[in-house]
Amino acid sequence: MDKLLAATTKKVSNHIYDDPAFVILSKLPLKSLIRFRCVRKSWSVLFQNSYFMDMFRRNFLSKDHSYYNDTSLLLYHFAPWDDGNYEPSALYSLFGERFEKTVKIDWPNLYQVPYYFNIYGSVSVNGIFCIEDIGRVGSIGQGCNIEELGRIALWNPATDECKVIPPSPFPFESPCWDPLIEFHGFGYCQGSDDYKVIRHLTFFPRTDGDREETWKDGYHESLWEIYCLKYNSWRKLDLDMPTQFAGGAGVYTDGVCHWWGESESQNDVEVYLVSFYLNNETFVKTSIPSNMDYIDSAIVFRHLNILNGSIGLISNYAETGTFHISILGEVGIKESWIKLFIVGPLPCVEHPIGIGKKGDIFFRKKDNELVWFNLNTQKIEEIGFKGDSYCQILIYKESFLPFLKE
Amino acid sequence: MAEEKSQASSSKMLTLKASDGVLFEVELNIAKEMKTVQAYIDDCEDIETIPIPNVLGKHLAIVIEYIKKTNEEYDAEFEKQWNMDDLQLLLLAANYLNISGLQECLCKAIAKRIENKSPEYVRKVFNIENDHSPEEEAKLRKEYKWAFEGVDKD
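Quick note, the sequences are listed as chains L and D, same order. Each residue of the first sequence is one higher than the last, beginning at 21 in this note's numbering. Each residue of the second sequence is one higher than the last, beginning at 575 in this note's numbering.
The shape of chain L in the complex, shown without the other chains (with noise of 0.2 Å):
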């Protein structure tokens, strides 16, 4: 090698803070990180090194990820039970520098009649949702017909095509058990061309029935079931899967369905993130560390969001009113959870609903406003905007694709 580099090298990274190297490595990502970490002892604590850390955040919500192009932000509104502040659910789009402008995006018209819709996994795939009905635009509250649960459908608002899923045989098979219908994924698997929708049912005994009969039936097993658009059928799968969190919602990576999760164990509930990957329909689960929580705090909300590419799980210290973000590096691999940024305290604010682009945080408050907080500079804002405490942020990139093969 030239003598002028070596000599220059030499000097350079034996000074205390490595700078070029240093920020040639804030651009890797975690995986190179934790291998190069047998380098060098000063590369083996650089998530220590504050200087470092810097950096590497900096160049974390800066990355133009193209998982971003082309995309617009949506608010999903729903609130059925509300005594009219709010309408049961709609939709919106956000746009502007500091997301004051809002457009109305109407429900398709699936039934003749005006229906409302809830989005199952705040996800759009491919410019799809894929939708659930909630009932008819002046009945909600009103109770609806058991075959009615868990309709979906799926639907591109930017070319209105729309696909009524038909409906699952496995809910109703037994006519002495009512099912609870939970949805866990929808996605694209690209191997097949297909889009997916899998669903776990836990069965409860029905009670307008006779119930010496029911409880003589025993124990109806909860089940895993997988719609695919290809073959526009329901099968079930013979999976032993954590279950997502009650009130939890999952995100979608290319072609895996993710969820938090948490599945008994001889005395103790064990929380997993759980990745389901839809061209092999298999899973892996994902703990997490120890020493993942800084305080020993009863109160922790988990939610799981797409930031910047990875996927992140924000930790909320309710009762010190932080956040802590923490991204995974590698699906599998608990020790790749690594934390970036801490929120907070931020005493007014109740729960994040989303994740913007470069690093927008949006949350809402306990007075139902929805304001987004900016990781780089550190700025809360209101959207002037107000939420009941089921709303989502989702990013949607649309397409004219037709899904539907002719």
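Simulated from the structure, these hints should not be mistaken for laboratory data. None of the values given here were measured: they were computed from a predicted structure. There may be inaccurate statements among the hints.
Here are some of the chain D residues that sit facing chain L, going by a computed Cβ distance under 7 Å [as the list claims (entries may be wrong)]:
(1) Cys-681
(2) Lys-682
(3) Ile-684
(4) Pro-693
(5) Val-696
(6) Arg-697
(7) Phe-700
(8) Ile-702
(9) Glu-711
(10) Ala-712
(11) Ala-721
(12) Phe-722
Positions of the beta carbon are idealized from the N, C-alpha and C atoms, including for glycine.
Using the hints provided, position chain D relative to the given structure of chain L.
For chain D alone, kept in the frame of chain L given last:
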């Protein structure tokens, strides 16, 4: 009068002298992109030839070309032409001359090239000596076995 002056200064030429004596005539506005050169000019207004002692002629030529042509498309293709040694020397040049766009472009390029490589390869690239004890290194390799999967062969 002011207009004439600015016209004159924008077409004013400057000479940069590389470490191996090669001379480059550049327009003032090109030279100003090198913050080190800008500082030099600020200090000595009448200077016509600026010595660049840390950069070889071949690299200074590349740097000047970069400044003239830089845009998204050019930057994307730029780094592909150079081997690792040249990239590092260009980075040293960009750091010395203080050209932030070029620094960023080169750091990204070098990062991309080492992303999937082994620690041994990286030590060679940065000319770093391993100060881990064999036991320490073995422990790290075992603990983070997953990070070594799929690594390019050296």
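So which of those numbered hints doesn't the model satisfy?
-> Violated: hint 10 alone.
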